[in-house]
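For chain A, the structure is supplied; the task is to place chain B on it using the hints.
The listed protein sequences correspond, in order, to chains A and B.
Take the first sequence: its letter number 84 is residue 84 in this note's numbering, and every next letter is one higher.
Just remember that this note's numbering sits 1000 ahead of the position in the second sequence, which is counted from 1.
Just so you know, the hints here were simulated from the structure itself, not pulled from any lab data.
All C-beta atoms, glycine included, are put in the ideal place defined by N, C-alpha and C.
Hints are supplied without guarantee of correctness; some may be wrong.
To be verified - Residues from chain B shown here face chain A by an in silico Cβ test under 7 Å; the list is partial:
hint, residue
1, F1101
2, E1128
3, L1147
4, T1151
5, M1173
6, V1175
7, G1177
Unchecked claim - Have a look at the derived ranges for each label pair, beta carbon to beta carbon:
hint, chain 1, residue 1, chain 2, residue 2, range
8, B, R1068, A, E216, 55 to 63 Å
9, B, G1131, A, D180, 28 to 36 Å
10, B, A1239, A, D287, 52 to 60 Å
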Amino acid sequence: MSRGRYGEYGGQYVPETLMNELIHLENSYAFYKKDKDFCEELDALFKEYAGRPSLLYYAEKMTKDLGGAKIYLKREDLNHTGSHKINNVLGQALLAKKMGKSRLIAETGAGQHGVATATAAALFGMECEIFMGEEDTKRQALNVYRMELLGAKVHPVKSGTKTLKDAVNETMREWASRVDDTLYVLGSVMGPHPFPMIVRDFQSVISKEAKAQILEKEGRLPAAVVACVGGGSNAMGAFYHFIPESTVKLIGCEAAGKGVDSALTAATIATGSVGVFHGMKSYFCQDEFGQIAPVYSISAGLDYPGIGPEHAYLHDTGRAQYVPVTDDEAVAAFEYLAKTEGIICAIESAHAIAHVQKIAGSMDKQECIIVNISGRGDKDVAAIARYRGRDIHE
Amino acid sequence: MSRLQEVFGKGKAFVAFLTAGDPTAECTVNYILKMEKAGADLIEIGIPFSDPTAEGAVIQEASLRALRGGMTTEGVFHIVEEVRKRSGVPIALMTYLNPVFHYGYEAFFARCRSLGVDGIIVPDLPFEEKGEAEEVAGRFGVDVISLIAPTSMERIRLIAKEAKGFIYVVSSMGVTGVRSQITTDIAGMVEEIRAVTDTPCAIGFGISTPKQAGEMAHYADGVIVGSAIVRLIEQYGEAAGEEIYRYVSDMKAAIA
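Extracted from the complex, chain A is given alone in its bound form (with noise of 0.2 Å):
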């Protein structure tokens, strides 16, 4: 079995066009890690740029509403450039200026990660050049607009279903023809290693952060953690320094669209099934033949016919348990949060909500909730009036 395994999962299933850049990503990423100045670095850009650590917020009404555990709201919506993405990129940036690379690439989906990319490369001078499925650049064009502000260069992608996996497709053959002052900053726990190990560790200051808060507000662990996953990269941050902690519940909520018995879904635990795809072995929504099927969810963000290989792991092994959450109920809980807490969160996010609400009524009042708030909603504000048949552009 090679390298970056988790269980069967993982591994790196590229061209071998990529193997050298791979084996030298992983060994600058091993070197670094452990560096002095490259975690000082990377702390103060956190506290100081990124606003860190994001608080851990008592969500009262919601728990007294809901009538049951304490319900505490991970707000990594209130990072700069809105979402848990500048975590990961700031990493893979600062990682990228001591490899001597000059220039960033990567895909997204409905623009966060895009932006967060962007945000970074202008903040280090690098160039930056985003991939994104021309149908996404439709529905979010004010995120492409985010992007050229900060100086990035958006390419709408024409091939395939032209969304979120394309963009992916697309950047892999751009990094495949430019490797030497290029890297591809991968804005999820997905593709092959080191990137599902890299994203993680730098995602897991979201648990590190929240088990010490946590212990301070409460004086124990969380029966559960809940956080919505396409890819995985918010939750797997979430759930990394809990995973250890048997008592904890580590929940995922994936995204069932128009539900899981519907041909219009993303939930892929609940759907797919083992395959090899975008540089790993994990599970996937494909049909009999292993062609990638097409998928859909109200999120652009969870819109992604696949998971990381760690979850496909912990999912196996029980760790982790993944639940689908539809449309109609990932609006209502976007709805209730707004409503209940004057929070307007991520439609992303909304999915973890959304089964918070099931779970909750049902629980010990003397246990707690972590739930994590991957993103603000602002973004999908327009998106959701839609929903709701008020048509409100951009």
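The following block gives chain B in isolation, referenced to the frame of chain A:
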């Protein structure tokens, strides 16, 4: 010596690629026979995949056309079956790992052996990962072809030592597709390979003109042409037979 190696034992070999089911299964069978008649020494049949990440626009589009037309892994085996009724031309399959993984390694390679498919090219299966498929393929006498890229450097010897059938020398960075110029130090790469193995080398990626083919054949035991043929199929559709025949004849003549 494997059957694939023998392909390269009779002078410079011309390896011709097309995507199965583009535009139809019947056309693919006919085009394969035309290419053989025109002098192609090995036919590389692409099993279309929804997300061909090592492919340029021409083969991406062909894959999507084939899938839209209903082509499946099973359908590709039927095409080979039809070809085998009329020809013993050496055949290798090209696809991504997922369709093979999903079909099941045992079932897939058993099918290959029964149809006289001698090799498989899987661009997303690098040296480190090839073990799981190669173990099964080997039992059925199917060679998993190794690729060596311009970035392989010190990996060249590692890969070449274990290579079976022939070595696919990737001429250029990036993805498949027609290129006006190939700037990689091919001679240097082949020299590195030759230092550790006698396994034949075929150069692919970017070759489209007889002139390029002639130059590349000079460095190696054969050339592989894909996008240029697929482009003819894209252009002429079900009436591409004569065009393909003429093109392959010219290319074969250029490397002889």
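How the hints compare with the structure:
1. Given hint, F1101(B) at the interface with chain A, holds; its Cβ is 5 Å from that chain's nearest Cβ, closer than 7 Å.
2. Taking 7 Å as the C-beta contact cut-off toward chain A, the hint placing E1128(B) at the interface holds, the least distance being around 4 Å.
3. Annotation: L1147(B) was flagged as interfacial toward chain A, and the flag holds, the nearest CB pair being 5 Å apart, inside 7 Å.
4. At about 5 Å, the closest approach between the beta carbon of T1151(B) and any beta carbon in chain A falls short of 7 Å, and the interface hint on this residue holds.
5. A cut of 7 Å between beta carbons decides the hint on M1173(B): the least distance to chain A is about 5 Å, and the hint holds.
6. Hint on V1175(B) holds. Least Cβ distance to chain A is approximately 5 Å, under the 7 Å limit.
7. Contact between G1177(B) and chain A, as hinted, is not supported at the beta carbon level, the nearest pair being about 10 Å apart and thus beyond 7 Å.
8. Distance hint check for R1068(B) and E216(A): the Cβ-Cβ separation is about 57 Å, which falls inside the suggested range of 55 to 63 Å.
9. Separation of G1131(B) from D180(A) is about 30 Å and conforms to the stated range, judged on CB atoms against 28 to 36 Å.
10. At roughly 31 Å, the beta carbons of A1239(B) and D287(A) sit outside the given window of 52 to 60 Å.
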